[in-house]
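Visitor: Residues per chain, in single letters:
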Amino acid sequence: MTNLQKSRSTIEEQYKAKQNRPRIVVGLGTCGIAAGGNKVMAAIKNEVASRGLDVDVDFTSCIGMCFAEPAVEIGLPGQASVVYGGIYPDKVGQLIDGHVVGKKPVTELAAIQITGGAEPFEGIPVMEQSGYYAKQVRSVTSRLGRTNPESIEDYIATGGYAGIEKAVAMERLDIINEVKKSGIRGRGGGGFPTGNKWQFVHDAVGDKKYIVCNADEGDPGAFMDRSVLEGDPHAVLEGMMIAGFAIGADEGVIYCRAEYPLAIKRLNLAIEEAEKMGLMGENILGTGFSFKIRIKAGAGAFVCGEETALLNSIEGQRGMPRVRPPFPAHKGLWQKPTCLNNVETFANIPFIIRNGGEWYAAMGTEKSKGSKVFCLTGKINNTGLCEVPMGITMGEILNDIAGGIKEGKKFKAVQSGGPSGGCLPTEKLDLPIDYDSLISAGAMMGSGGLVFMDETTCMVDVAKFFLNFTQLESCGKCTPCREGTKRLLETLIRITEGAGTAEDIPNLERLAKVIKSSALCALGQTAPNPVLTTLRYFRNEYEAHINDKKCPAGVCAALLSFSILKDKCIGCGVCLKACPVDAISGEKKAVHVIDPAKCVKCGACVPKCKFEAIVKA
Amino acid sequence: MSTVTLTINGKEVTVPAGTTVLDAALGAGFFIPTFCHDPANPGYGGCRICVVEIKGARNMPASCVTAAANGMVVETDSPAVIEARRTILELMLANHPVDCMTCEKSGECKLQDYAFRYDVKSADFGGEKKDYPQDQSNPYISRDMNKCVLCGKCVRTCEQVEDRAVINFAYRGFKTKVAPALDASLAESACVSCSRCVSVCPVGALTYTSMAGKARVWETTREEKTCSWCEAGCLFDVVSKGGEVISVTAKAPGDGRPLCLKGRLGMELRHNSQPPAPMLKKDGEFVEVSWTEALGLDDIMDKLK
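Taken in sequence, the protein lines are chains A and B. Counting with our numbering, you get residues 1 to 617 for the letters of the first sequence. Counting with our numbering, you get residues 1 to 305 for the letters of the second sequence.
Calculated from the structure, these hints are not laboratory results.
Under the rule of at most 16 Å between Cα atoms (straight-line distance), these lysine to aspartate or glutamate pairs were calculated in the EDC-like manner:
1. Lys6(A) <-> Glu153(A)
2. Lys39(A) <-> Asp90(A)
3. Lys45(A) <-> Asp56(A)
4. Lys129(B) <-> Glu490(A)
5. Lys406(A) <-> Asp454(A)
6. Lys175(B) <-> Glu490(A)
7. Lys292(A) <-> Glu273(A)
8. Lys549(A) <-> Asp461(A)
9. Lys513(A) <-> Glu83(B)
10. Lys11(B) <-> Asp77(B)
11. Lys516(A) <-> Glu83(B)
12. Lys577(A) <-> Glu587(A)
13. Lys130(B) <-> Glu490(A)
14. Lys251(B) <-> Glu223(B)
15. Lys549(A) <-> Glu503(A)
Pulled out of the complex, with its shape left as it was, chain A reads as follows:
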């Protein structure tokens, strides 16, 4: 134990020294890399080397502002550091000229500044007061975009492994009580109280127990776990180790989907580094406690995010859910008592142990404590990652953090909880978000993906999208899910193709009810939610499709017709050239017409017409 304490002070000093050096930090999470971060990094290194600048070049993970990637942070000793957004290689020169050489921030490229106690620059929003961050808390995401995720020193210098240090000196039950006191509930979507789960596994009798981390994040529009794994892998490892100590396990498995190569790489690196420092493996911190972690890469089945299917998959079996009970706490991996939590849950644990359960429970609502990480996607201005206290309203997330709907369009719905969740309408924007409020609204917390939709979205089409997803991902074990989601999907397809009948809505409701009540696992039991919530809040859209053969949002191609307004068309011929199937005809300077028999409803002509003469109805 003394070992870590000794090295901690050295590491902290080195880290402080690093912060007091001129530095350029590039965001290299998956979002940053996808936006071209590696090229930016190369351009910066090139620029720094060719000019012989005395500046450190480092990288970090996603700070949350995915919309601003590629993001580059520049900090000079004693000054606030500035995060710049949209920095492509062609802007690197300007940035270095201005901020590194000229020592003045390039205000027009700046997104936010992080003062770190220094005097703020004028004209650049301070992070904590900026639109994107003002309503956020940064707890489990505090290291994201701030530290180098591949450096164990960065982790230790920012309080890392102090949780396990504290935990191994505690009584096991005291650790579990601290987790119970925090009130944290499973962040993977189910919302089961984590402390109770730990207690069950602690109390379960077994010669061997396991810790399993569910990193099989698969909801469309969800990337919280990926961001945490890429940005703070040691926190997940530390959380698992604390759990291992508390329940009496010496082995952990992280089930991470293979589509997250960067997360797997950083986890492997973190495991290696932790082992090198004696923080993982045999006799951790000289306490006699041993714990090792390995990674199992999942092959990409959505259902493997269901805990019992996940366990089957680790065992080399087909990813199909088992019946519960027995719960994994009693018979989990290899039939041994297993504590199975999600990435975000484990990543929260070191903070809870360090700061105490009461600190955590001070945030949030009565039954949903703490903060929650959400992914903001869809038709919004600021797509990215945010961490908010439980109890914040959906409207605050939409308008304050996500910056409202893009292009001034109107908000229509938000899908919370992925394919298992539901679509919430404008009336639900003032709903304080917690596990229970979302369920009573017909949706669910899920893992935290929020997909915002604007007025141009067809809600029947959205339900169809999610049902297509669940149908393809159904494991096939139970009849209601395997066969029932197929029939729901087929009905939705029929409706969007204009072949809906009056019986379709009652049939959808009847089938959805049976699937919900009789399916084997949570995937099946929640699969009808997108249908049920869109029926609950947007029934008129279903009726328009079925009764009037119209798609109010103008999305369902089969129900659209394109026509040219006689009084607006000047016969310029631009639309005629744009049509890929020669469905438009007309002499020059004469009104053009669209042949509905030939028209494939691609809509290519609409934006081409400068006179707004082509209408979609």
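Given the structure of chain A, go ahead and fit chain B onto it with the hints provided.
Guide: Chain B only, in chain A's frame:
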């Protein structure tokens, strides 16, 4: 032994602790349908036809995998239960050829029986049906996956035989089907034609090729015989029509490594006056062989000569 007392359809029932709700209800004289439940291989809970209502439960649990508990209040025939069962049957029929008129299994098919019981004539979903080619590659076992309800009993019984586990679920969602590795034909697989899978299939998906077209179920009489080729003592049915033996079918595996082709062929030769010629797989192909070779008696016969 400790017991639990629960209420099923208003009747108080006391059963040994650990008994499933299904067994408790059956024991108390109530009917609950099952497809995937195999008493020799319990704990699956996939088909969901056996769902019941339990007071206080969030959903309708499958009775075959739910342990009876003290004070539990169970309804096995409530309107919600009936609706769920009917819907599940509709879903099964919507993806089934519904060709009972020519089906070998007609008369002893659970899908047919339950459809009758719950008055499910057909399904009005009007969508896609699976359309797989029949697998007649194995001379003993006919596989028609279009009739399969994916109860998985065949998969689980095959897994019981060490070193076998020839078949398993393949693909996902609506495309899920039971198949040998790499979705090969049964003949190409490591199947040893023991027929355990046929003996547990509740529908017409797995049938005996030797029975094809010979009789309707109700025209046959069956005499149970215990195989004496080894000490396992598997049970077979000697099937007759109009006083003539037409086939021997496996009834149930015994202990040990039960049910085998040799045993069934031996029973066939013993009881059937016109047994079909035995076939064995040689170099990957099924070829007709002599009875002495099929039963592994060549060397013994040589000595007896």
